[in-house]
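Chemist: When we follow the working numbering, the leftmost residue of the sequence shown carries the number 3, and every step to the right adds one.
Just so you know, these hints were derived from the structure itself, not from any lab. Quick caveat: nothing in here was measured; it's all calculated off a predicted structure. Mixed in with the good hints, there may be bad ones.
Stated by the list, open to error - Simulated restraints, written as ranges between beta carbons of each label pair:
{"id": "1", "residue 1": "13", "residue 2": "250", "range": "25 to 35 Å"}
{"id": "2", "residue 1": "71", "residue 2": "138", "range": "42 to 52 Å"}
{"id": "3", "residue 1": "240", "residue 2": "66", "range": "18 to 28 Å"}
The C-beta atom is built at its ideal place from N, Cα and C for all residues, glycine as well.
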Amino acid sequence: DEIAEICREFSLWMHVDASYGGSMVMSPIHKAYLNGIQSADSIAWNAHKLLGVPLQCSMLLTKSPDVLSKSISSHAEYLYHEDHDEQEYDTGDMTLQCGRRADVIKLWLAWQRYGKNGFASRVEYAVIMAQSCAEMITARGFPLLLVQKPASVNVCFWFVSKRTRDCAQSRQSSHLCLLSNALSGSSPWKSDVMEGWKSSEKKGSVSFCESVPGACEICTQIDATTRRIYGLMRKDGTMLINYSSLPDFKAPSFFRLAFNSPQIQESDLKTILDKLIELGNQSVPEEEHLSSNESSQCVLM
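All chains should be built: construct the whole structure from the sequences, respecting the hints.
Modeler: Here you go:
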């Protein structure tokens with residue numbers, strides 16, 4: 003709502019990317035996540051994500067019925083004519099594709115099959131599985147470390163090798179990197195690093211690592227480990243968990259599990275985490291074969 007007020011004050015268009023989270027509206031329990039979205043001028047929503055509607059089923063919703071035609075229309079006279087009764091249903095001159103499939107029929111069919119209650123159950127189960135996964139990660143402790151407790155269906159976490167933990171523990175408390183402090187035991191936020199960032203003296207900062215880019219050995223090691231494990235997953239072929247980053251917060255790359263399948267069980271989560279730890283341990287020898295000069299660099303600058 004605050005963002006909407008600013009947009010109104012300065013005559014700005016307010017767009018909300020609800021591609022994944024927009025489906026929360028189907029759940030009476032979780033639709034509060036979308037409070038304020040009604041103030042948006044346009045919303046992007048992909049029903050093929052959290053609701054599992056077959057690819058692709060994407061839509062742009064807007065309060066202004068003529069905004070698309072004003073922005074995109076080419077008024078190609080050889081294609082589009084205004085002198086027929088069905089003109090209002092001709093969307094060809096309102097989309098970049100010109101001609102496209104009626105993707106919304108997939109959503110309509112799925113809605114007929116599952117109903118709003120079925121969609122709600124799917125969304126709510128995904129949230130439950132995300133919370134269960136986060137609890138498993140917290141219960142296991144190192145080498146896994148939550149970036150933040152999940153707010154919805156995304157679970158973000160790091161694999162932190164023993165070498166990296168030893169490196170952090172060999173240092174005194176650093177005011178530059180909260181991640182290093184969490185690993186060294188000098189901060190109480192060992193299971194949720196971003197919570198530490200929110201609660202620390204750095205609350206007004208945009209990052210939880212204030213080191214010069216590339217100078218924080220802890221963040222550099224974790225980032226490299228994440229990318230190595232991702233490469234090992236691709237070679238192994240059992241599973242593939244994507245990784246992401248938060249450059250605005252100067253956070254090293256982390257794994258991101260996004261839940262949406264109603265078939266996944268807690269036993270699957272255990273298998274996933276076991277396999278990731280197995281692959282993470284396989285990446286350790288590569289770390290320990292660093293040159294002696296690199297291995298001795300355990301400094302937060």
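Chemist: Any of the earlier hints contradicted here, and which numbers?
Modeler: 3
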